[in-house]
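Asker: Sequence:
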Amino acid sequence: MSDEVRKQAQKVHIVSSIEYTKNNETIENLLSYLKLHQIEASYEIVKTTRIPGQALLNSALDGNFDMIVAGAYGHKGLKELMFGGATRYLLENSSIPVFMSH
Numbered sequence: 012m013s014d015e016v017r018k019q020a021q022k023v024h025i026v027s028s029i030e031y032t033k034n035n036e037t038i039e040n041l042l043s044y045l046k047l048h049q050i051e052a053s054y055e056i057v058k059t060t061r062i063p064g065q066a067l068l069n070s071a072l073d074g075n076f077d078m079i080v081a082g083a084y085g086h087k088g089l090k091e092l093m094f095g096g097a098t099r100y101l102l103e104n105s106s107i108p109v110f111m112s113h
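Residue numbers for the sequence shown follow my numbering, beginning at 12 and rising by one.
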């Protein structure tokens with residue numbers, strides 16, 4: 012998270028797709044980082060079917076979020092071809108500003 016985005020954040024809600032969450036250690040580290048900077052944070056892991064990006068975007072829309080901060084990672088091969096990427100889906104379909112980090 013960039014310093015400017017972090018400075019503006021008052022409350023952060025972390026949403027991860029179960030397909031991309033191998034363990035909760037990364038989420039716990041992010042929660043600790045945000046707490047260190049006095050940012051209130053919560054999280055949820057959403058279950059998706061075919062399009063993880065759609066589930067992530069729906070959560071952001073339902074939560075009335077001001078911005079989506081997302082990691083930009085691609086998957087090679089057949090999985091990417093069949094399912095598309097969450098990153099691409101967010102960029103092509105979000106009406107909410109998306110800040111990408113790789």
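Source of the hints: derived by calculation from the structure; they are not laboratory data.
Every residue, glycine too, gets a C-beta built ideally from N, C-alpha and C.
Some clues are possibly wrong.
Cut-off 27 Å, straight-line C-alpha distance, at most; resulting in silico cross-link-like pairs (DSS-like, lysine-lysine) [to be verified]:
id: 1; residue 1: Lys58; residue 2: Lys22
id: 2; residue 1: Lys58; residue 2: Lys18
id: 3; residue 1: Lys58; residue 2: Lys46
id: 4; residue 1: Lys46; residue 2: Lys22
Here are the computed distance ranges between Cβ atoms for each label pair [claimed, not checked]:
id: 5; residue 1: Glu39; residue 2: Ser106; range: 29 to 35 Å
id: 6; residue 1: Asp14; residue 2: Lys58; range: 32 to 38 Å
id: 7; residue 1: Lys18; residue 2: Met111; range: 14 to 20 Å
id: 8; residue 1: Gln19; residue 2: Arg61; range: 30 to 36 Å
id: 9; residue 1: Arg99; residue 2: Tyr54; range: 22 to 28 Å
id: 10; residue 1: Asn75; residue 2: Lys18; range: 17 to 23 Å
id: 11; residue 1: Lys46; residue 2: Phe110; range: 19 to 25 Å
id: 12; residue 1: Ser43; residue 2: Ser106; range: 15 to 21 Å
Asker: With reference to the structure, classify each hint as holding or not holding.
Answerer: Hint check:
1. Proximity of lysine 58 to lysine 22 is assessed by CA-CA distance (about 23 Å); at most 27 Å being required, the pair is judged to hold.
2. Our distance criterion of 27 Å between C-alpha atoms is broken by lysine 58 and lysine 18, whose separation comes to about 30 Å.
3. Among the hinted pairs, lysine 58 with lysine 46 is consistent with the structure: their alpha-carbon atoms are about 26 Å apart, no more than 27 Å.
4. About 10 Å separates the Cα atoms of lysine 46 and lysine 22, which keeps this hinted pair within 27 Å; it holds.
5. Range check, glutamate 39 to serine 106: about 31 Å between beta-carbon atoms, so the 29 to 35 Å window is met.
6. For the pair aspartate 14 and lysine 58, the beta carbons lie near 33 Å from each other, so the given range of 32 to 38 Å is met.
7. With their beta carbons about 19 Å apart, lysine 18 and methionine 111 fall inside the hinted range of 14 to 20 Å.
8. A hinted range of 30 to 36 Å for the beta carbons of glutamine 19 and arginine 61 is consistent with their spacing of about 34 Å.
9. The given range of 22 to 28 Å is respected by arginine 99 and tyrosine 54, whose C-beta atoms sit roughly 23 Å from each other.
10. Our hint of 17 to 23 Å for asparagine 75 and lysine 18 holds, since their Cβ atoms are close to 21 Å apart.
11. Evaluation of the 19 to 25 Å hint for lysine 46 and phenylalanine 110 yields a pass: the beta carbon distance comes to about 20 Å.
12. Evaluation of the 15 to 21 Å hint for serine 43 and serine 106 yields a failure: the beta carbon distance comes to about 31 Å.
In summary, the structure is inconsistent with hints 2, 12 from the numbered list given earlier, while agreeing with the others.
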